[in-house]
Structure formats: C-alpha cells, structure tokens
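Enquirer: Sequence:
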Amino acid sequence: MKVALGCDHAGFGLKELVSACLREAGHEVLDQGTFSESSCDYPDFAERVARLVSAGEAERGIAICGTGIGMAMTANKLPGVRAAACNDIYTARYSRLHNDANVLALGARVVGPGVAEEIVRTWMETPFEGGRHARRLERLAEIEGQHGGRRP
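Going left to right, the sequence shown walks through residues 548 to 699 as the numbering used here numbers them.
Derived from the structure by calculation, the hints contain no laboratory data. In this text the structure is predicted, and so the values were computed from the model without any measurement. Hints are supplied without guarantee of correctness; some may be wrong.
Between beta-carbon pairs, the in silico distance windows are [said to hold, decoys possible]:
no., residue 1, residue 2, range
1, A572, G603, 20 to 28 Å
2, G677, P626, 31 to 39 Å
3, D591, G678, 33 to 41 Å
Glycine residues also receive a C-beta, built at the ideal position from the N, C-alpha and C atoms.
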C-alpha cells in the first residue's frame, strides 16, 4: 500500500521509526518531510500528506506532530480526507472500523515509540467494517460537498 508520511520538527524522530515499520511491513512510503528537527510549521507537512491522499496518489497517510491534533485539523481541510488523531490502540482500531480514516495523526510527545508502532500496525491492518458506518460516511461526504468540498 502507498502511504504518505509527514511530520513537523516534534515528530521527526518518530517519523523515522514509523517509516521503517511501514517499509518492513511491505508498504511503499512517500516521505513528505520534514527531514530534520529544525523548527517548522505542521500545516505545511499535514497538507502535503493529505493532498496525496485526497488526490488518490496515496491510499493512506500518517502525519506526526507533538500531539497529532494540528496535523488532523489541517488534513481534514482537504476533500475526501478523514484524519483521526489517535494516541492509543483503541481509537486507532475504531477510526478504521467505524470511520474508515485514511489519515492517522500521531502525537510524538504523547506516545512512546513502542505504543506508536502498535498504533500504526493496528491502524494499517484494520479494515473498514461498512454496514451502518458506510451510511454515516456518505452523510459526511454530503456535508463536505455542501460546504465547498468535493465528494470523493
């Protein structure tokens, strides 16, 4: 699977670990930066990740900052992106099962490396359940379309 990956300075170290974890699992990583711990602005990197997902050039995206919140907020501005800030395994699993999240936002200052690997593994391996949840996602797409976004 093609996975867009990006971070700000706070997430740089964790991004490197997540990249290795994804590659080891056989995924193609599209690294969108940043490439150092020099101070930078998270919206720039969240947008790069989300743009690839929105355009269908990546099937999923992972964006990492200090908390994951800013990355999720930014990514969700792009049409068709369903970003979820998940800093535990439970929310990672259910963001996929019930919400078909296509971007995972992680907080490098919230989770340690071991937990982050488990979150990523769970999120990547969990399928969308469909059923009543598909109807809710259709409604979400309708709302997005009514407010300037395009429907996926």
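Enquirer: Which numbered hints does this structure break?
Expert: Going through the list in order, the structure violates hint 2 alone and respects the others.
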